[in-house]
Each structure stands twice: as structure tokens, then as C-alpha cells.
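Chain order of the listed sequences is S and P. For the first sequence, numbering that gives the first Met the number 0 begins at 0 and goes up steadily by one. For the second sequence, numbering that gives the first Met the number 0 begins at 0 and goes up steadily by one.
Where hints are given, some of them may not hold.
Covered stretches of chain P (in silico footprint by chain S; criterion: 3 or more residues with CB under 8 Å from a CB of chain S, positions within the stretch not fixed) [claimed, not checked]:
| id | segment |
| --- | --- |
| 1 | 32-46 |
| 2 | 76-89 |
| 3 | 127-134 |
In silico lysine-lysine, BS3-like type, Cα no more than 25 Å apart, as pairs [as the list claims (entries may be wrong)]:
| id | chain 1 | residue 1 | chain 2 | residue 2 |
| --- | --- | --- | --- | --- |
| 4 | S | Lys547 | P | Lys184 |
| 5 | P | Lys89 | S | Lys189 |
| 6 | S | Lys153 | P | Lys50 |
| 7 | S | Lys153 | P | Lys173 |
| 8 | P | Lys75 | S | Lys189 |
| 9 | P | Lys98 | S | Lys189 |
| 10 | S | Lys90 | S | Lys546 |
| 11 | S | Lys153 | P | Lys44 |
| 12 | S | Lys84 | P | Lys96 |
| 13 | P | Lys98 | S | Lys187 |
| 14 | S | Lys139 | P | Lys98 |
| 15 | P | Lys96 | S | Lys74 |
| 16 | P | Lys75 | S | Lys74 |
| 17 | P | Lys96 | S | Lys187 |
| 18 | P | Lys166 | S | Lys139 |
| 19 | P | Lys141 | S | Lys153 |
| 20 | S | Lys546 | P | Lys184 |
| 21 | P | Lys89 | S | Lys74 |
| 22 | S | Lys153 | P | Lys85 |
| 23 | P | Lys89 | S | Lys139 |
| 24 | P | Lys98 | S | Lys74 |
| 25 | P | Lys75 | S | Lys139 |
By construction, these hints were calculated from the structure, which means they are not laboratory data. Quantities reported herein were computed from a predicted structural model and do not represent experimental measurements. Note that beta-carbon positions come from the ideal geometry of N, C-alpha and C, so glycine has one too.
What follows is the residue order along each chain.
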Amino acid sequence: MQTLQRTTFIAHIGWLSLLLASLVYLVSSLHVVSDISQFMPEDHENKDVQLLLDELQKGSTARLLIIRLSGEDTKQLASISKQLKQSLEKKKNISLVHNGQQAFNLQQLINSKYKLLFDYRYLLAENSAFSKEALSASLKQRLTELRSGITVFKNTLATDPQNHFAQFLYRLQERANNTHQHGVWFDKEKTSALLLVELKLENFNLDNQQRALEEINTEVARFTTGKSITVDMSGTASLAVKTRSSIQSTTRWLSSIALVLMSLLFWWSYRSARLFFIAMLPLASAAIAALTVTNILFQQVHGIIIAFGITLLGVCIDYPVHLFSHHKHTQDPQQTVLSIWPTLRLGVTTTALAYLAMLGTGFSGLSQLAVFAITGLIVSLLVTRWIVPSWLNLNFNKQDHYYLTHLSSITFSIKTRAVAAIIVILFSAVVLTVNNQSTWSEDISDLSPVPAEAKKLDQALRHSIGAPEVNHVFLIKDHDAERVLQRTESLVDQLTVLKQDKRVNNIFSVTQFIPSQQTQRRNQQQLPQREVLLESLNNATTSLPFKKNFFTPFIEDITASKELKPINVAEFYKTPLAKHIKQDLFFKDNNWVSIIRLSGVSDDTALINWIDAHAELKPHYLNLRQASSSLMSDYQQTALTRLLIGSLIIGFILLLVRPLKRMGSILLPVALSVLFSISIQVLLGTQLNLFHILALLLIVGIGLDYSLFFDRSWRSLEDYQHRLHGIFISASSTLITFGILGFSEIPVLSALGQTVTYGVLGCFVLTLMFNIKREKA
Amino acid sequence: MTSGKMNKINKLLLIIVLLFSLPAHAAKVDASLTDVLNLFSQQQKSTVDFKEEKYTSFLEQPIVSIGQLEFIAPDKLAKYIVEPEKISNKISGDELKIKTAHETHTINLKDHPEFSAVLTSIINVLSGNHDALNNDFNISIKGPINSWQLVLVPRDSFVHGYIDSIKMQGNQNKLSKIIVTEANKDYSVTHISNHR
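Turn these sequences into a full structure, and let the hints steer you where they fit.
If you want it as C-alpha cells, here you go:
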């Protein structure tokens with residue numbers, strides 16, 4: 000007895016100090032990441048896909064927010080759009096607000112930050128209009144403008160009579176939405192005003208994003224309160240924040256409901272609320288330890304893993320429940336735990352080994368999950384074994400319920416079992432065959448924890464503002480920026496035929512704004528010699544009313560341009576245009592990356608065929624949707640294979656410790672439940688993804704515990720009823736938590752919830768049916 | 000007492016004389032802005048011919064344009080240049096549409112007051128919108144009602160950076176001349192005739 004107390008004491012010291020150390024470590028070092036790209040394989044063959052995904056998640060594209068105002072009359076919306084732009088641009092977290100208002104006041108521009116670009120105007124664009132006729136046409140056009148009252152170009156007329164610079168800047172406008180109403184952007188239906196906000200955050204973490212969003216919301220509310228205006232906002236930052244708050248609120252209501260229901264369940268079964276809190280000890284310890292070990296091994300924990308961690312609840316709480324249910328008030332809890340210890344140990348070992356199969360796939364997400372689950376399982380087992388018993392009162396008593404007497408008296412004949420098995424198999428076979436085509440999801444966004452509603456809104460807003468397409472993209476990278484630009488230019492040249500044939504609407508590339516130095520030199524060479532220009536200009540102006548020598552500054556600028564050293568990317572990035580093109584050319588992992596985007600692709604298949612026929616283009620072509628869906632199926636394939644390997648491991652271990660006949664009655668109900676659960680999902684029209692596979696592994700773990708406990712021999716009917724009680728309470732608690740989870744608006748959690756709910760329901764019924772009821776002689 | 004009585008009579012006479020002479024006197028005094036604008040506000044629609052001469056520092060000769068102005072109360076104004084080339088400027092509400100043979104520009108007036116100050120001032124005079132006019136300009140008026148001269152100086156410093164002043168001349172509710180002087184001393188003179 001003394002040794003026992005000493006052991007308990009040492010166990011408590013060890014447990015508490017490890018818990019404390021873990022908590023201290025987590026507070027200081029826990030690094031939670033939430034974007035999908037980090038859940039992706041590290042060494043996937045197509046690194047470009049990852050690069051692009053990463054850029055979309057964290058690059059300049061991710062800093063854009065789209066705001067849509069609708070509801071009032073368009074005039075009112077336009078006026079609010081303008082007021083918003085003005086007030087938001089004063090905020091320190093916002094770099095720019097685009098709403099279609101003309102942003103360029105040419106006169107002011109040329110004197111300020113745009114001076115450098117203005118000086119380089121003849122190098123940045125092609126020069127073809129220097130003949131007498133072309134010059135004459137330009138000048139007549141300027142006179143028409145003067146006559147019509149357009150005076151914007153009046154002050155640059157002497158230096159830039161062809162409006163060369165203005166035309167260069169107008170290329171920016173082509174990139175955006177072009178539907179205007181009352182001077183600002185509207186959607187195509189002209190019912191909602193659109194704004195594009197660029198966030199300026201030094202540290203792009205979630206808290207900063209949330210703060211910036213709150214600031215924007217306050218401003219928006221200031222202009223819209225009291226009016227019947229609907230404000231929709233979306234963008235990467237907004238989605239991330241929405242997802243976090245959705246996960247937080249889900250966790251909050253989920254845990255409050257679960258807490259209430261579980262307390263009721265415990266009260267009903269054991270007449271004790273205290274036991275419920277004791278049952279939480281293994282679970283809480285498991286969660287803390289699992290987070291700590293995962294973070295130590297991977298230097299980060301994916302948010303999805305944490306969400307999955309909630310579900311560990313399903314298994315971990317079962318261990319103390321079995322202990323409580325097996326307890327007789329005449330027995331020392333230490334003795335009770337010893338009596339069920341071999342079964343618990345076998346259950347945990349097999350499940351943990353099954354999770355081991357998820358390691359080493361190259362998919363970091365799966366590895367993290369395996370580590371998280373294995374740590375959690377082992378820790379909760381250890382806490383149940385060494386800590387929980389000493390917290391139990393000797394005289395707690397579980398309620399003897401009528402259902403137990405009833406349930407324990409049921410016996411199923413071999414025939415009934417066979418019929419049940421055949422029904423489940425037939426049902427699954429039919430469902431899975433009929434839905435053969437659409438069983439697996441190929442959309443990577445199905446893995447994202449973003450609520451479905453938010454995702455839909457985001458797509459709608461992106462579409463209406465004409466946000467860059469990511470489905471057809473050409474990617475060029477090199478250490479040397481100049482080489483990247485040159486290759487981009489030649490690629491764009493090859494693609495131009497698509498635009499001519501109207502197979503695409505437009506081709507966007509960074510070289511529209513910063514041509515390679517090679518091209519700049521070519522543009523330079525197109526410029527006429529001073530004398531030639533002078534003569535053409537004199538000829539062009541003879542019949543026009545311009546004063547003599549008025550265009551001398553123009554001639555001077557052309558002459559000076561011929562001597563300019565071409566501008567490089569670094570210099571260009573210091574100009575105000577840089578922020579407009581950062582999504583097209585950026586520096587990442589020691590490479591300059593240029594991205595060419597196509598918009599308005601008329602026929603996807605035709606385009607892909609065309610690219611297939613052009614061998615030199617193909618290596619640069621990325622179809623993000625296609626690439627990510629093949630990535631997804633790889634991922635799912637791997638996970639599925641590992642799930643099978645895990646199951647084989649379980650079977651193999653059981654083979655070592657149990658006779659073949661008993662193994663059948665242990666494994667068959669679990670396998671049938673997995674089949675049943677997956678078929679129900681398919682029947683409900685859910686496309687299966689990675690999380691369903693992971694949920695299956697959870698079902699296997701839970702079902703195996705039930706099977707193993709049913710498999711234990713018993714001395715008396717009371718003994719058997721205790722076991723049944725434990726399994727019944729375990730199953731009920733799992734059904735409560737996962738049932739609630741099934742209603743979550745976060746796709747990942749609801750997938751887990753629903754799958755596990757049906758699976759555990761199947762496990763309980765089928766293990767009960769298939770148990771052999773071995774009475775000890 | 001006699002002198003007192005005399006005084007009373009004199010005063011009475013004076014008042015009578017003053018009362019009777021008042022209308023005659025008023026006819027000679029300068030017209031008030033309210034009078035002029037009231038006359039304009041009674042008109043719902045008007046069309047006139049114009050000839051505009053634009054004098055610009057870098058041009059040897061002025062740019063001369065001939066055409067029609069059409070106004071429909073309260074806020075529609077169209078300026079059609081017919082010679083030497085066809086250009087139309089149309090204002091409707093907040094929107095200015097400029098159409099030349101090659102291109103069309105749509106400009107929001109609130110975004111570009113420098114573009115629209117002149118046309119808006121004409122609209123506000125033609126519609127007799129005292130408040131709007133007073134909002135945009137410091138106004139002075141002189142001359143009798145049949146030969147008044149209005150001087151408008153932009154209040155907004157941004158607009159004033161483009162437009163120094165707008166002078167309008169007219170007879171009752173008929174505009175006869177508009178002179179716009181830009182900040183850089185370029186100016187235009189628009190002669191208006193054939194009111195209908």
C-alpha cells in the first residue's frame with residue numbers, strides 16, 4: 000500500500016511538472032499556422048504550384064480586400080464610395096483604396112513621385128509615332144481636346160505632345176473592372192459600388208489583420224449607419240479573420256453544449272458531476288502534451304490539426320469512462336484500473352501504431368496529425384492509469400439502469416450477424432457504385448476551414464471586381480531579374496496570338512509596365528535623331544496655330560531619352576507604380592518570379608490543347624485548379640493507402656495476441672462501421688476529402704476499443720453489464736460531441752462530426768451484435 | 000409754432016416726393032443678383048447660338064468654335080460645336096460627357112470641378128440657382144437689368160488654381176457674352192446670339 004502511495008505521488012509530481020513545463024513552453028513558443036499551403040507536401044514535384052499558392056496566401060494579392068456596397072440608389076452608393084476612399088486612405092493600415100475615381104492628376108504627378116517614370120516614358124513604351132503624319136495627327140488631336148474643354152494635358156503639351164506618358168499610365172486602368180457609374184466602379188449590373196482596399200501591414204499576422212478590418216468596419220459603419228445599405232467585404236485577410244472567429248465561436252458553443260450534455264450524461268450514469276471533471280483530466284493532459292510535442296517536432300502546429308485535436312475527445316474520454324463503469328464500490332480504484340489495463344493498453348497501442356502509418360508520407364499535415372494523435376492517445380492512457388484512480392472516491396456508484404439488463408440479455412445468432420453484415424456490405428456496394436464518379440472531392444478549397452458561405456461571397460466579389468484569374472497562369476523564375484523580364488516578354492509575344500484570335504480577353508504581365516532593359520534599348524533606338532524630329536515637327540506644325548519653338552522641351556526630352564541608361568527593377572520598384580505590379584513580379588526564395596495571367600478565357604479545353612501543342616510554353620504553364628486537384632488526389636490516395644496499412648498493422652498485432660476466430664469478431668464490426676459511415680456520407684451527397692479519411696482512422700480507434708472490451712471474458716452478468724455500461728457511456732459521449740460537431744459551419748469540422756457520428760453509431764450496434772460473450776468458466 | 004407747422008408740411012412733401020420718385024430712381028440703379036436670377040428661373044428651356052474664341056499663350060491665333068447651347072431646367076446643358084469640327088459637351092446632373100469624332104469621355108463633375116466650373120456656373124445662372132452659385136463663387140454684379148455684368152470668382156482654391164474668373168454679360172434673362180480667364184491668363188470669349 001505504501002509503495003502504491005509512493006508511486007501515485009511520483010506520478011503526480013511527474014504529471015504536474017510536465018504539464019506546467021508544457022504550458023510554459025506553449026505560451027512562449029506555440030506557432031499556429033492556418034493557411035492551406037502549409038498543409039501541403041514539402042517536396043511535391045511541382046514547386047511552382049506551392050509558390051503560387053503561397054503568394055496567393057501571403058503575397059500582395061492577399062493584402063487586397065474587396066468591399067461591395069449595395070441597397071440604396073446608385074448615386075448615394077457612389078457618393079459613399081468616394082467618402083470611404085477619402086477617409087480610409089488616411090488610415091495607417093491602408094496603403095491605397097481603388098474605387099475607379101481617376102487617380103492621376105497628370106500635372107501634379109509629373110512634378111512629384113512620378114518624375115522618374117515621366118523621364119523614362121520613351122523607354123518604357125514603344126515609340127512609333129514620329130513621322131510628320133503621326134505628329135500632325137497627335138497635335139490636331141490636342142487641339143480638338145483644347146476646343147472640347149479637356150485641359151488636363153495642356154501643361155504637358157510642350158514636353159509630351161503625343162500624350163505618351165498618359166497612355167502608359169492608362170494601361171493600369173485596363174487591368175481593373177471597367178464598369179463605371181457616377182465616376183466610380185460598379186458591378187456589371189450597375190447596382191452595387193465596388194472598392195478595392197490594399198492593406199499595409201508590416202506584420203501580416205491575424206491579429207493585425209483583424210485590427211485593420213475592424214478599423215475599416217468602423218469607417219464603413221460611419222458612412223452607412225441609418226441607411227439601408229448592405230456592405231459585403233471579402234479578401235484573404237477577411238476570410239482568415241472570419242474563419243478564426245467562426246472556429247472560436249464554434250468551439251465556444253460546441254464546448255458549452257457538450258459540457259452541459261456530458262455533465263447530464265455523467266449525472267444520469269454515475270450520479271456525479273465530479274466524475275465528469277475527473278474524466279476531463281486525461282483529455283486535457285492529452286491535448287496539452289500533443290500540442291507541445293507537435294510544436295517541438297515541427298516548429299509549428301497547423302490550425303486544422305488543432306481542430307482535429309478537439310476530436311481526440313472522442314477517444315480520450317472513453318478511457319476514464321471504462322474505468323468508472325468497471326468500478327465496483329467494493330473495489331479499490333487501483334485494482335479496477337489494473338483489471339482493465341491490458342485491454343486499454345492493447346487498444347491504445349494498436350490505434351497509435353495505426354497512426355504511425357501516417358508518418359513519412361511527405362505530407363507534413365499527415366505527419367503532424369500522426370504525432371498529435373499518438374502523443375494524445377498515449378498521454379491520456381497514462382493519465383488514466385496513474386493519475387485518475389487516486390482521484391476517485393471509493394464509494395461512488397453508478398446507476399443500475401434497466402437498459403443494461405435489457406441490452407445484456409440480447410444475443411444474436413450467427414445467422415442474424417451474417418444478415419447484418421451482408422446488409423451493410425450490400426448497402427455500401429450499391430451506394431459507392433452508383434456514386435462512383437463523384438465520390439472524391441478534387442477541389443483543394445474543400446480542405447480549407449473557411450465557412451462555405453464566406454467562400455461563396457468571396458468568389459462572387461472577386462468575380463465582380465475582375466480580380467486576377469489564377470487558373471491559367473504562366474510562371475517564369477530566375478535569379479536574374481533582367482532574364483526574367485526578357486523571357487516574360489518573349490512568352491507574352493507568343494501568347495499574343497490568343498488575344499488576336501479572341502480566345503482570351505487580355506494578357507497581363509509586368510512587362511507592360513517595366514520592359515526588360517533589352518526592350519528599353521530597342522525603344523530607345525526607335526527614337527528619331529534630333530534633326531529628323533525637328534524637321535518632321537516643323538512640317539507637321541506648318542498648318543497648325545502653335546507658336547514657333549513651343550515644342551523645344553519635347554525635342555530636348557527626346558534627345559535626352561536617347562542617352563538614358565535603362566531603368567532596372569530595383570529602381571522601378573521605388574516608383575509609385577511598384578505597388579500595382581507586385582503581384583506580377585516578386586522576389587521569393589532567391590528568385591525573381593514573373594507571373595503572366597490570362598483573363599476572359601473563352602474555352603478552357605481549347606486553351607489547354609493549344610498550350611499542349613506548344614512545347615516551349617508548357618513548362619511555364621500552371622493551371623492552379625488542375626494542379627491542386629491532382630495534388631488533392633495524391634494526398635487522398637496517400638492517406639487512404641496509409642489508412643489501409645494502419646488497419647493491417649492493427650490486424651497483425653491482434654493476430655499476435657488473439658486467436659483468429661476472436662480477431663474476426665473484433666475487426667469485422669469495425670470494418671463494417673467504417674464502410675457504413677462512408678456510404679452514408681456519399682449517399683448524403685458529400686464529396687469525400689482528406690478529413691473523411693482521417694475521421695475513418697478515428698472510427699477505427701474508437702470501434703476497436705469497444706470490440707476489445709466486448710472481447711474480454713467475464714465472470715458474472717454484473718461484470719458484463721459494467722462493460723456494457725462503459726461502452727454505452729463512451730458511445731453516448733462520442734455521439735454527443737461529434738453530433739454537435741456535425742452541425743458546424745466549418746466544412747472540415749462538420750465532415751469529421753458527421754462521419755464519426757455515423758461510424759460510432761455503427762460501431763456500437765455492430766460490436767454489440769458481434770460480441771461473442773465469453774463467460775469465464 | 001409756425002416754423003413747426005412748416006416743418007411738418009415740408010416733411011410730408013418730402014415723403015410724397017420720395018415715394019413718387021422711387022420707381023423712377025429704381026430703374027436707373029444697378030440690378031440685384033436676385034432680380035437677374037429670378038428672371039432666369041422663369042425660363043424652362045432655351046437655345047442660343049454661340050461663337051467662342053479661345054486665346055492660349057502657345058497659339059498664334061485663337062481657337063474659334065461655332066455652335067449652339069441648349070439648356071433645359073434645372074440641370075441639363077448641352078454645348079454643340081458644329082464648326083470647324085463636331086464636338087459635344089453634355090451635362091446631365093453630375094455627369095459631363097465630352098464627345099469628339101474619335102472619343103468619348105465621361106467625367107464626374109464632383110471629381111473634377113476644374114473641368115466643370117464654367118459649365119456648372121452657366122447652368123446655375125440659367126436656372127437661377129442662387130444658392131449653388133453662391134456656394135461656388137464670390138459674386139459681384141453691376142449695371143442695370145438690361146445690361147448687367149456678373150463677375151464670378153471661384154471660392155475653392157483648387158478650382159481657383161485653374162480658373163481666375165468667369166464674367167457674364169446679359170440683358171434681363173438673356174446671356175450675351177461669357178469671358179473665362181484661366182489662372183495662367185489664357186482666356187476665352189463666347190459671344191451669344193439668336194436667343195430662342
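Exercise for the section: Decide if the proposed pair is consistent with the structure: P/Lys96 and S/Lys74, CA atoms, cutoff 25 Å inclusive. Expected result: Distance ~17 Å between P/Lys96 and S/Lys74 Cα, so the pair holds.
Practice task
Confirm or reject the coverage of the segment 32-46 of chain P by chain S under the rule of 3 or more residues with a beta carbon closer than 8 Å to the chain's beta carbons.
Solution key: With 0 residues closer than 8 Å to chain S, the segment 32-46 of chain P misses the three-residue bar; violated.
Handout entry: Proposed proximity, S/Lys74 with P/Lys98 (alpha carbon, max 25 Å)
Key = holds (23 Å)
Exercise for the section: Take a quick look at whether P/Lys141 and S/Lys153 sit within 25 Å of each other, Cα to Cα. Expected result: violated (33 Å)
Exercise for the section: For the pair we were handed, P/Lys166 and S/Lys139, check the Cα-Cα distance against 25 Å. Expected result: Between P/Lys166 and S/Lys139 the Cα gap is close to 29 Å, so the pair fails against 25 Å, i.e. violated.
Exercise for the section: Assess, step by step, whether the Cα of P/Lys96 is no farther than 25 Å from the Cα of S/Lys187, and give holds or violated. Expected result: holds (20 Å)
Practice task
Apply the coverage criterion to the segment 76-89 of chain P and chain S: a residue qualifies when its Cβ sits closer than 8 Å to a Cβ of the chain, and three qualifying residues are needed.
Solution key: Check passed, 4 qualifying residues.
Exercise for the section: Could you grab the alpha-carbon distance between P/Lys75 and S/Lys74 and see if it respects the 25 Å cut-off? Expected result: Since the Cα atoms of P/Lys75 and S/Lys74 sit roughly 17 Å apart, the hinted pair holds (cutoff 25 Å).
Problem - P/Lys89 paired with S/Lys74 [C-alpha distance capped at 25 Å] - result: Between P/Lys89 and S/Lys74 the Cα gap is close to 18 Å, so the pair holds against 25 Å.
Exercise for the section: Decide if the proposed pair is consistent with the structure: P/Lys98 and S/Lys189, CA atoms, cutoff 25 Å inclusive. Expected result: With Cα atoms ~22 Å apart, P/Lys98 and S/Lys189 stay inside 25 Å; holds.
Practice task
Decide if the proposed pair is consistent with the structure: P/Lys75 and S/Lys139, CA atoms, cutoff 25 Å inclusive.
Solution key: At roughly 29 Å apart (the allowed maximum being 25 Å), S/Lys139 and P/Lys75 break the hint.
Exercise for the section: Sort out whether P/Lys184 lies within 25 Å of S/Lys547, counting only the CA atoms. Expected result: holds (20 Å)
In the structure shown, a violation is registered for the earlier hints numbered 1, 3, 7, 10, 11, 18, 19, 25, in ascending order.
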